[in-house]
Structure formats: C-alpha cells, structure tokens
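Number of protein chains: 2
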Amino acid sequence: MPPYMQDVSDAGKGFSEGWSVTNSVNTELYIGGYGKGNTKWKNRLAYEAGMSAKDTDYMHIVNWKAAEKLFKAGKYRKVNGHALIPMEEMIAANALFLLPEAKSPHGADVSPDGRYVIVSGKLDTHTTVYDFKKIFSLVEKKDFAGKDPWGIPILDMKKAIHTQVNVGLGPLHTQYDSVKGVVYTSLYVDSMVVRWDYLKGKVLNKIPIHYNIGHLLTAEGDTVEPDGKYLIALNKLAIDRFTPIGPLHPQNHQLIDITAGRPMQLLYDMPLPLGEPHYAQMIKADKLKPVVRFAKKSFPDYVKAGKERVERNGNQVTIHSTAIRSHFSPEVIEVKVGDEITWHITNVERAQDQVHGFAVDSYNVHGSLEPGETATFKFVADKEGVYPFYCTEFCSALHLEMTGYLLVKP
Amino acid sequence: MPPYMQDVSDAGKGFSEGWSVTNSVNTELYIGGYGKGNTKWKNRLAYEAGMSAKDTDYMHIVNWKAAEKLFKAGKYRKVNGHALIPMEEMIAANALFLLPEAKSPHGADVSPDGRYVIVSGKLDTHTTVYDFKKIFSLVEKKDFAGKDPWGIPILDMKKAIHTQVNVGLGPLHTQYDSVKGVVYTSLYVDSMVVRWDYLKGKVLNKIPIHYNIGHLLTAEGDTVEPDGKYLIALNKLAIDRFTPIGPLHPQNHQLIDITAGRPMQLLYDMPLPLGEPHYAQMIKADKLKPVVRFAKKSFPDYVKAGKERVERNGNQVTIHSTAIRSHFSPEVIEVKVGDEITWHITNVERAQDQVHGFAVDSYNVHGSLEPGETATFKFVADKEGVYPFYCTEFCSALHLEMTGYLLVKP
Numbered sequence: 006m007p008p009y010m011q012d013v014s015d016a017g018k019g020f021s022e023g024w025s026v027t028n029s030v031n032t033e034l035y036i037g038g039y040g041k042g043n044t045k046w047k048n049r050l051a052y053e054a055g056m057s058a059k060d061t062d063y064m065h066i067v068n069w070k071a072a073e074k075l076f077k078a079g080k081y082r083k084v085n086g087h088a089l090i091p092m093e094e095m096i097a098a099n100a101l102f103l104l105p106e107a108k109s110p111h112g113a114d115v116s117p118d119g120r121y122v123i124v125s126g127k128l129d130t131h132t133t134v135y136d137f138k139k140i141f142s143l144v145e146k147k148d149f150a151g152k153d154p155w156g157i158p159i160l161d162m163k164k165a166i167h168t169q170v171n172v173g174l175g176p177l178h179t180q181y182d183s184v185k186g187v188v189y190t191s192l193y194v195d196s197m198v199v200r201w202d203y204l205k206g207k208v209l210n211k212i213p214i215h216y217n218i219g220h221l222l223t224a225e226g227d228t229v230e231p232d233g234k235y236l237i238a239l240n241k242l243a244i245d246r247f248t249p250i251g252p253l254h255p256q257n258h259q260l261i262d263i264t265a266g267r268p269m270q271l272l273y274d275m276p277l278p279l280g281e282p283h284y285a286q287m288i289k290a291d292k293l294k295p296v297v298r299f300a301k302k303s304f305p306d307y308v309k310a311g312k313e314r315v316e317r318n319g320n321q322v323t324i325h326s327t328a329i330r331s332h333f334s335p336e337v338i339e340v341k342v343g344d345e346i347t348w349h350i351t352n353v354e355r356a357q358d359q360v361h362g363f364a365v366d367s368y369n370v371h372g373s374l375e376p377g378e379t380a381t382f383k384f385v386a387d388k389e390g391v392y393p394f395y396c397t398e399f400c401s402a403l404h405l406e407m408t409g410y411l412l413v414k415p
Numbered sequence: 006m007p008p009y010m011q012d013v014s015d016a017g018k019g020f021s022e023g024w025s026v027t028n029s030v031n032t033e034l035y036i037g038g039y040g041k042g043n044t045k046w047k048n049r050l051a052y053e054a055g056m057s058a059k060d061t062d063y064m065h066i067v068n069w070k071a072a073e074k075l076f077k078a079g080k081y082r083k084v085n086g087h088a089l090i091p092m093e094e095m096i097a098a099n100a101l102f103l104l105p106e107a108k109s110p111h112g113a114d115v116s117p118d119g120r121y122v123i124v125s126g127k128l129d130t131h132t133t134v135y136d137f138k139k140i141f142s143l144v145e146k147k148d149f150a151g152k153d154p155w156g157i158p159i160l161d162m163k164k165a166i167h168t169q170v171n172v173g174l175g176p177l178h179t180q181y182d183s184v185k186g187v188v189y190t191s192l193y194v195d196s197m198v199v200r201w202d203y204l205k206g207k208v209l210n211k212i213p214i215h216y217n218i219g220h221l222l223t224a225e226g227d228t229v230e231p232d233g234k235y236l237i238a239l240n241k242l243a244i245d246r247f248t249p250i251g252p253l254h255p256q257n258h259q260l261i262d263i264t265a266g267r268p269m270q271l272l273y274d275m276p277l278p279l280g281e282p283h284y285a286q287m288i289k290a291d292k293l294k295p296v297v298r299f300a301k302k303s304f305p306d307y308v309k310a311g312k313e314r315v316e317r318n319g320n321q322v323t324i325h326s327t328a329i330r331s332h333f334s335p336e337v338i339e340v341k342v343g344d345e346i347t348w349h350i351t352n353v354e355r356a357q358d359q360v361h362g363f364a365v366d367s368y369n370v371h372g373s374l375e376p377g378e379t380a381t382f383k384f385v386a387d388k389e390g391v392y393p394f395y396c397t398e399f400c401s402a403l404h405l406e407m408t409g410y411l412l413v414k415p
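Those sequence lines, one after another, are chains A and L.
Just add 5 to the spot in the first sequence (first one is 1) and you have my numbering.
Just add 5 to the spot in the second sequence (first one is 1) and you have my numbering.
Simulated from the structure, these hints should not be mistaken for laboratory data.
Keep in mind that a hint or two might mislead.
All copies of an identical chain are treated as equivalent in the list; a pair is satisfied when it fits inside any one copy or across any two copies.
To be verified - With a straight-line cut-off of 30 Å between C-alpha atoms, the simulated DSS-like cross-links for lysine-lysine are:
no., residue 1, residue 2
1, Lys414, Lys83
2, Lys41, Lys383
3, Lys388, Lys45
4, Lys207, Lys18
5, Lys41, Lys301
6, Lys41, Lys341
7, Lys383, Lys47
8, Lys289, Lys414
9, Lys41, Lys302
10, Lys59, Lys301
11, Lys70, Lys47
12, Lys388, Lys47
13, Lys341, Lys234
14, Lys383, Lys341
15, Lys292, Lys234
16, Lys47, Lys309
17, Lys414, Lys41
Source: prediction; values computed, not measured.
Start from the sequences, fold in the hints, and give me the full structure.
Here it is, written out as structure tokens:
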C-alpha cells in the first residue's frame, strides 16, 4: 500500500465478492509542526489543516482473487512472518486501484447485494454511492484517469458514481434496511440519523439523537439480508442527557424503531460506563445456541464428583476438588510449609447460572467458576497456619457455610 | 472478638448512636471433613450441616464510646499497626455483649431513628425486630442470661425483642421506607420482596422478582431520613429472564415503584454483565456536585496551553504537551535512540465530556484524558524510526487528523 493513512475497509459480497474497499486520509502526505515546542518543522499548519487540503482522498480497491493467484505463484516475500505481495506485482496484475472519494472519509459500506458501496466524507455533506458495475467496467477497459506517484491506476470518480446525496453535516457510517434502497447514515455534526434511498438518491427523513453519533447499526444490517425493524445509535457524548457525575459522561446507546412507512422513533436510552463504541452488530436471538454448562472435554483437569483426591509427589501437592451447593470436596486439606500446590477445582453444578466463587485466604487465590468450569491455581504454601477457603458468590441460603480449611503445618 | 465467624455489621444512629451490631455464623465452632479427598477429619458432616446445628447464632453488640475510653486510657496493644483492645478489657468495661439471633443470619439493619435493629436469619422464615431500649435496659441492669466460653455476657433474646414476623422463605436484607414503620426485606428462596410493618409486626404485601434477590435498596434507605418512592432489587440469578448467551447469565437489577397506598410495581429490568451485586445506595441527584473538568491543582505536571515545550537534560527528555480539538502541541518531536522520555500531556479542552485518547505507536503508550486531566508516560526511546502519536477517542470531524510524529534518530 502507498504511504497514505489507510482507514476503515469493507469486504465485497455478491456482485463484488472477492474485492475490498479501504478508505484513506492524508493522501496529501502532509507533515505538520503546529503549536509550541516542536523540535522540527516549526510553525507549520497543523496536521488537521494540512491533511484536509485536497478535496478528495483515495479509496483503495483490491481484487483479492487476483492477489490469491499472485500468492500461489509465489510472487510475495515474507515480512515479520506475513506474506507480502509487492505493490508493483499488484499493479501489474490489475489487482490494485485508487478511486477518489470526498476528503477525510469515514464509512465505506457495501450494499447487501454487493452492487454498491456508500462512502461518507465527514467534511462533505454529500454521501457518495459508487457502483461496482461501473468500477469493474472501468477496470476491464483500463479506463484510468491517471496514476498516483507509486504508479497505482486512478479511476475517474465521476464515471464510477451512481449518485451523490446531500444528507447533512458530518456523515460517517451507513447501515442497510430490509427495505430495498433504504439506508441510515450517522450525522456526527448534526447529531442525527438520516434515512435515505441510495438507489433513488433522495433523503426520506431524519431523527435527532443525543448526542454526536459515531457508529450505528441496524439488525443484521451488514449482511446480505438485513432484518430492519431496529437501529441502535452509538453515541459518543451524552451531555445534559443524564445526571452529570463528573468530567466524563456515559456513552449513550439509543434504540430506534425504523419500521417502514412511519417516522423513526426513539424507544430507549442505554447509557453505559464503557469506552467509545465502535463497530457493533445486532443479530437475531435464534442464531445463538448457548451452552448451559461447559463441557468436560473443555478442561483436561476436570474433576468428576466422587473422584476428589489429594496427591503428593515429594513436595508437589495436587488437589483435585469440586464445588456444588453448598460444599467443597474435600473440605479439610493439610499440607506442609514449602509444598508447591496445584489446585484444580471444578464447579460440578447441573443448575443453570449456578456460579461459585473460590478464594483461599492470604494466598491471593480467587476465581469465579461457571457451571462445568475447571480452574487451576498454583501457589507455594509458604506460611504456616490455618487458611479458610470459601465460596465468594452467594449461591444458596447456605452460601456462608460453603467453606473449608487449608492447614499448613510447619 | 471470639472465634466465631463475624459477618455483616451496622452502625447505631440516633437512639443507638455509638453502638454497633455484627452478625455471626458458626458459633458451633464446627469443623467439617465432608466429601472425598479430606486429609484430616474424614467422613464428618459437611460444614453446611455442622455450622447450622444450633438454632441461634450470636449478634455481637459493641459500645464504641466505652471502647474509645479504653483506647484513651491506653488499654490496647498494637497488632500489625492497629490498636487492639483485648476482649477481657471490653467485657470488664461493659462494652461487648452477645445476643442470640436466628441461625445463619444475614442482614442487620438499624432503623432510621436508631431505636430498632432488624435481623433476618436466612434459614428461618421469621425476621426479628430487636429494641435497643430493651437492650440498653438489660445492659444497664446487668440482666444477663449467661456467658459464652470467652466470658462475654449473653443477653436474653426474648427480653430484647420488639416483635418477630413470619415474612417468607430465606429473608436476607431489610431497607426502610419514608413511611414510618414500613420496611422491605429480600426473600432469597421465595424470590420476592416483602413489604411489612416492623412496628405493628405484620406483613403488608409482596412482589415477585426474577430471580433470587440478595441485597436490595430503597432511596436513601440507610439514612436517618429515607426517601421512599423507589426500590431496587439486586438479583443474583436471571435464568429465563433474558436471551441466554452462555453458562453465565447477567445480574439483574429491578427497579420497583414503592409509592405508599398501592401495590409495589416493577418498572424496569437492568441486566448488567458485572459481578454479584452487594450493598449499594441510591441517593438523590441534587446531592451530587460534579465537576465539569479537573482542576489544574489536581495535577502538578499540568501543561498550560501556550507553554508547551521539550526539555533535554543529558539523555533525559521531558515533553510538556497539550491536546485540544483537533491537534496536539507540539506535533513533531525529535529525540535520539536511548533517550529516557517523560511525556506529560494535558487535555486543555473547556468543553464538557470532550475526552481525548493518546497513543504512541509501538511504545505501548495509551491513555484516555478527560477535560483538564494530565497524564504522564515514561518510556525509553530504544527503537529508531518514525512513530505516529494520535488521538484514540473520536473527538470531532477532524479526529483522524489529530496526530503527530515522534522521530527517534540513531
């Protein structure tokens, strides 16, 4: 790749299967030096200005099936253990192209049928819909508008576009609806979600969000068959939405009803004390096949109920123990000072969600065991004394009594 | 304290100011040995059985003002740096008593006026309301029912009780309402909250919860002036309440309307992927006086905008830098291989919630800076090359351009 700053990518699918697109910034190759204290290139424009000087940056388009042929033909070298196909090989094999896109682009989202890719340049109010049919035709005919300094063919932006739509201020990411042509784009500066039609090229309606939406998602919106119905706005700021609790406000996730034929409607705010939300997916619950408990075979040191034991080999002591409401087995374990302890413990509960904690006093041993889970703790019993071990998850009315003793004798 | 297992405590207030109560379990002093693999005391009853053999355990009652006098009189010894008043001194000074309570007790909650303490023994369906007036009278008259093996006076349970109420299965913790006499107790086994009157000694009504409530809270319910209106049930299990996602289910917090004069009503479920909820408080929002940004004086290495600089002292390089949308100052910093870098960076934003991230490529430097916050990173520039540093929180439409370069020359 040329020394631009590559950003988000999306994979082709359906019509564009085997291809990928990647946005870039700073195709100006600008170097800053703004502000006090620079030790080089002083008193220049800030990066934020210099990197936004040109009106367009470059979408990088890769033909992965062509790249695969180069790989199989051995036309790569190993760099840090990774196979790297040189840029010249990619160019010669018609596998790498550049396509101008509105400057400082953010989202690049391929349509469910793979025919289109929607790109939003966050400093441009227009969102651009590129047509892979037109892109492939230009590539096929080698109809290039020029080359970049590294010799990569540049496609003609106007010839590759299906449409451009003025959606609002600061468009970022786009997600697809189950209704053909309907998409949702986050407007960071406007703090809105815009619903628009990328086939007909027109805005349908908007909903305000609180505040500064970055990413967004629709139900299965990145798949070949989006489910529609719901959208979640993943917002970066939540000023004046919730009770202030300090300099840092929560991240706000807003659930929005996007049922076709009526305005979008906010259903629910979910503030979370987590980091900034990025890409996320909503999938239908029937795709989940969760296990109720871990399988024995997941844990080589699984301890079967009734097979609990303490084994000694010199000063190596291995404890095979179990936990089930409301006792550990064994309950009393005597070792000697200096013994090296390997303690396997299995939660042998059959009940759902029946978690047990396990802590050994003074020996910095603490874990939480889900049903069927086995944990192993290793420590040296270097202090003589009587050390309770006990459950640390309230597991039944006799939780406080779920205890035992490690006796370390001199 | 005697070698029972002391559990939760509550401080007296108002009428009982200066006193405290502490529950205990295993006043049987039982030692188990159940299950396979015991290396001592084999084939005994499990702890859970042996520790529940007696019908009652002991509430420990401490007179802290009397203890303070002993401390001031020098009647203590230092253990691990803590002043410890010997049990005999406490007994001689009438400062330590035991009071029987239903076995395996859980909550001990003093009433807003300090006159009563409510204790729930989780193996007993009855909740006991003790009257401090009666307790103080017994203490005053030295009307004791006996002594424990360590010589601690035992008060007569029947003489200390205001009332006992059959509230349901597995009562744990109690919280107070703004309505005089009204309290809420969590019923772990029944999976319910019971509303009852501890002055009149009668159950009012119940609400089912999902599932297995442990702790609970009412608005300012632990204070001398509870606010009523809302209760949160802090539940330990959430089986079949939410879409299953694996062996571990979320913890479920349920918000319940406890407005007087009508049945309790569930308002809201809040599943959280956190550990088991324990004591928590709900306070009125007007008690919070949050800051919008950190004060300069909180950070000795605060960097003022316009005072950014790079200082060198031998191979010690100190960088004083700032971050504000959408640039760092300085943007270009050149150092030499082997330099020891101390990098102070201040987020000088005035806007609320305007967080910046800060990462230096390849040098394992990453932080998140709230408005007004200063962070310091130290590392040795041991690899020559060009290392971008950049913001990692989407801070504006020019976030991607908020970057700079650390040049490490040979």
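Now for the hints, and whether the structure bears them out:
no. : hint            : in the structure
1   : Lys414 x Lys83  : between (57 Å within a copy, 26 Å between copies)
2   : Lys41 x Lys383  : between (53 Å within a copy, 21 Å between copies)
3   : Lys388 x Lys45  : between (58 Å within a copy, 19 Å between copies)
4   : Lys207 x Lys18  : within (24 Å within a copy, 67 Å between copies)
5   : Lys41 x Lys301  : between (62 Å within a copy, 20 Å between copies)
6   : Lys41 x Lys341  : between (64 Å within a copy, 20 Å between copies)
7   : Lys383 x Lys47  : between (56 Å within a copy, 25 Å between copies)
8   : Lys289 x Lys414 : neither (57 Å within a copy, 53 Å between copies)
9   : Lys41 x Lys302  : between (61 Å within a copy, 22 Å between copies)
10  : Lys59 x Lys301  : neither (60 Å within a copy, 39 Å between copies)
11  : Lys70 x Lys47   : neither (46 Å within a copy, 68 Å between copies)
12  : Lys388 x Lys47  : between (61 Å within a copy, 24 Å between copies)
13  : Lys341 x Lys234 : neither (64 Å within a copy, 57 Å between copies)
14  : Lys383 x Lys341 : within (15 Å within a copy, 43 Å between copies)
15  : Lys292 x Lys234 : within (17 Å within a copy, 40 Å between copies)
16  : Lys47 x Lys309  : between (69 Å within a copy, 19 Å between copies)
17  : Lys414 x Lys41  : between (65 Å within a copy, 21 Å between copies)
The earlier numbered hints that this structure contradicts are 8, 10, 11 and 13.
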